[in-house]
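Kindly generate the complete structure, drawing on both the sequences and the hints.
Protein chains: 2
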Amino acid sequence: MGMKILITNDDGVSSEGLRILAQKMGALGEVYVVAPDRERSAAAHSLTLHRPLRVEEVSPKVYAVDGTPVDCINLAVFGILKARPQLVVSGINKGPNLGEDVVYSGTVSAAFEATFLGIPAFAISLASRSNFKYGVAANFALKMARYIMQVGLPEGTFLNINVPNLEEDEIRSYKITRQGKRVFGESVVEEVDPRGKKYYWIGGDEQRFQEIEGTDFYAVANHYISITPLRVDLTNHSAVKELEGWKL
Amino acid sequence: MGMKILITNDDGVSSEGLRILAQKMGALGEVYVVAPDRERSAAAHSLTLHRPLRVEEVSPKVYAVDGTPVDCINLAVFGILKARPQLVVSGINKGPNLGEDVVYSGTVSAAFEATFLGIPAFAISLASRSNFKYGVAANFALKMARYIMQVGLPEGTFLNINVPNLEEDEIRSYKITRQGKRVFGESVVEEVDPRGKKYYWIGGDEQRFQEIEGTDFYAVANHYISITPLRVDLTNHSAVKELEGWKL
Chain U
1 MGMKILITND
11 DGVSSEGLRI
21 LAQKMGALGE
31 VYVVAPDRER
41 SAAAHSLTLH
51 RPLRVEEVSP
61 KVYAVDGTPV
71 DCINLAVFGI
81 LKARPQLVVS
91 GINKGPNLGE
101 DVVYSGTVSA
111 AFEATFLGIP
121 AFAISLASRS
131 NFKYGVAANF
141 ALKMARYIMQ
151 VGLPEGTFLN
161 INVPNLEEDE
171 IRSYKITRQG
181 KRVFGESVVE
191 EVDPRGKKYY
201 WIGGDEQRFQ
211 EIEGTDFYAV
221 ANHYISITPL
231 RVDLTNHSAV
241 KELEGWKL
Chain Y
1 MGMKILITND
11 DGVSSEGLRI
21 LAQKMGALGE
31 VYVVAPDRER
41 SAAAHSLTLH
51 RPLRVEEVSP
61 KVYAVDGTPV
71 DCINLAVFGI
81 LKARPQLVVS
91 GINKGPNLGE
101 DVVYSGTVSA
111 AFEATFLGIP
121 AFAISLASRS
131 NFKYGVAANF
141 ALKMARYIMQ
151 VGLPEGTFLN
161 INVPNLEEDE
171 IRSYKITRQG
181 KRVFGESVVE
191 EVDPRGKKYY
201 WIGGDEQRFQ
211 EIEGTDFYAV
221 ANHYISITPL
231 RVDLTNHSAV
241 KELEGWKL
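As you go down the protein sequences, you meet chains U and Y in turn. For what it's worth, the numbering used here labels the leading residue of the first sequence as 1, then goes sequentially. For what it's worth, the numbering used here labels the leading residue of the second sequence as 1, then goes sequentially.
Bear in mind the hints are in silico, worked out from the structure with no lab data behind them. C-beta: ideal position from N, C-alpha, C; glycine also. Fair warning: there could be bad hints in the mix.
Stated by the list, open to error - Computed, partial: chain U to chain Y, Cβ under 7 Å:
#1 Tyr147
#2 Ile148
#3 Pro229
#4 Asn236
As the list claims (entries may be wrong) - Away from chain Y, derived, C-beta distances all over 10 Å, residues of chain U:
#5 Lys4
#6 Glu16
#7 Gly29
#8 Ser59
#9 Asn74
#10 Asn131
#11 Phe132
#12 Lys133
#13 Leu166
#14 Glu168
#15 Glu170
#16 Ile171
#17 Asn222
#18 Trp246
Following this line, the structure appears as structure tokens:
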């Protein structure tokens, strides 16, 4: 029971997916929850540097932070836990984090940040927009956590897991996948406010992805749990070679 | 002159680095500036979805947006320009964007977002904390823009450029580099406010990097301009193979 597990998310500390995940992880060790005090979806990897952050212990070992998921990881590791957890699990996110959306997601960014700090991590999301059933995802998270504690993760790499919103017996299995590709369309709405002044609203909730076998999207659409290993090194290493031939 | 170039940053629309960059790019085509109305450093890839966005044309073809750099790219392409620019240049950032810091940076994320939309892009930063001399970086940006218009960029890839804050004759040349690695230390300060209540402040402005040859940090420290090709696909493709051997 000496093992410390840190749980966070971007839906906020009071979200159901987080609560169910934390409860389930209790089977593995001592669980700490350090999560945003409200929804911080699409917070991406943003870090609060321009103001202080407040932390409230809302119940034993459950902390609400008035910042982003990436703030939570830093505050947990360097402030609240005063120790490195052995594992970080971010989720269970209320909604998918597939394809390019991984870079907008606060939930995924929290696992990314933990990886920077050398802590094994994964993000887990429920691929649905309504009628959320967290049970299968919670069970899978525990299984994955146990497995990672045994075999570890590749260097500088964390997992982005998406679970179809289905009953256990409707899910076919899991697939190791690649980051999929969205179909980028017109995603900004232009409107006029009651005072006649123009405003814009970023939309794009359409969630159309290219049908490419082997991708996260394709797996989930076909009732598989998708597991995508993501790197924190963004370098395109093969392009380094190519660019060395440039004559600027 | 038919070519449209979109300029943005995360230091805000009134920053000197942006102004100098926009002016310089005028040599290449029609320049549009769409940038945050204030500093949005460490905004990372965050996207404003929960509220409308306002745009103000502060001078001809210069637009201030009350959002993040990634918001600016979307509003520019789908709202303001109503056309795809041929190139996006983000910067000149007041400060370095080296190593892991690329994922916190709004300036880098803007180029990342443009790449999602299929538009060639680069981010350019001045690697200094004070006494900013933008001339060399602006000249290099123009040179790079011309080169990219000729040869293109590798698929799904943009450039992260960091320029030492030196005079032209003090800069040795440029290097094609990899993303460097920070030394992660204790980066959260715990303090007590005038009312006796604890608060935390994320610091970590130390900027210590591991001395690894071939990295962005190493190049800049040795008076080279660093050019790192970054991918928008975060998948660790070699790990996909490895994980396929897992028995979950």
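Comparing the hints with the structure gives:
1. Against a cut-off of 7 Å between C-beta atoms, the interface hint on U/Tyr147 holds, since the closest Cβ of chain Y lies about 6 Å away.
2. The interface hint given for U/Ile148 is violated, since its Cβ lies 10 Å from the closest Cβ of chain Y, which is over the 7 Å cut-off.
3. The interface hint given for U/Pro229 holds, since its Cβ lies 4 Å from the closest Cβ of chain Y, which is under the 7 Å cut-off.
4. The criterion of a C-beta within 7 Å of any C-beta in chain Y is met by U/Asn236, whose closest approach is roughly 4 Å, and the hint holds.
5. Every CB of chain Y lies more than 10 Å from the CB of U/Lys4, the least distance being 17 Å, so the non-interface label holds.
6. For U/Glu16, the requirement that its beta carbon stay farther than 10 Å from each beta carbon of chain Y is met, with the minimum near 20 Å.
7. Residue-level check passed: U/Gly29 sits 20 Å from the nearest beta carbon of chain Y, beyond 10 Å.
8. With a cut of 10 Å on Cβ distances, U/Ser59 stays outside the contact zone with chain Y, its closest approach being about 18 Å.
9. For U/Asn74, the requirement that its beta carbon stay farther than 10 Å from each beta carbon of chain Y is not met, with the minimum near 6 Å.
10. For U/Asn131, the shortest C-beta to C-beta distance to chain Y comes to about 21 Å, beyond the 10 Å cut-off, and the non-interface label holds.
11. For U/Phe132, the non-interface assignment is confirmed: its Cβ lies about 19 Å from the closest Cβ of chain Y, beyond the 10 Å cut-off.
12. Residue placement check: U/Lys133 keeps its beta carbon more than 10 Å from all beta carbons of chain Y (closest about 20 Å).
13. No Cβ of chain Y comes within 10 Å of the Cβ of U/Leu166; the nearest lies about 18 Å off, and the non-interface call holds.
14. Look at U/Glu168: its CB is around 15 Å from the nearest CB on chain Y, clear of 10 Å, so calling it non-interface holds up.
15. Every CB of chain Y lies more than 10 Å from the CB of U/Glu170, the least distance being 18 Å, so the non-interface label holds.
16. Listed as a non-interface residue, U/Ile171 keeps its Cβ farther than 10 Å from every Cβ of chain Y; the least gap is roughly 13 Å.
17. The non-interface label for U/Asn222 is consistent with chain Y: the shortest C-beta to C-beta separation is roughly 17 Å, beyond 10 Å.
18. Not every CB of chain Y lies more than 10 Å from the CB of U/Trp246, the least distance being 7 Å, so the non-interface label is violated.
Hints 2, 9, 18 from the list above are not met by this structure, while the remaining hints are.
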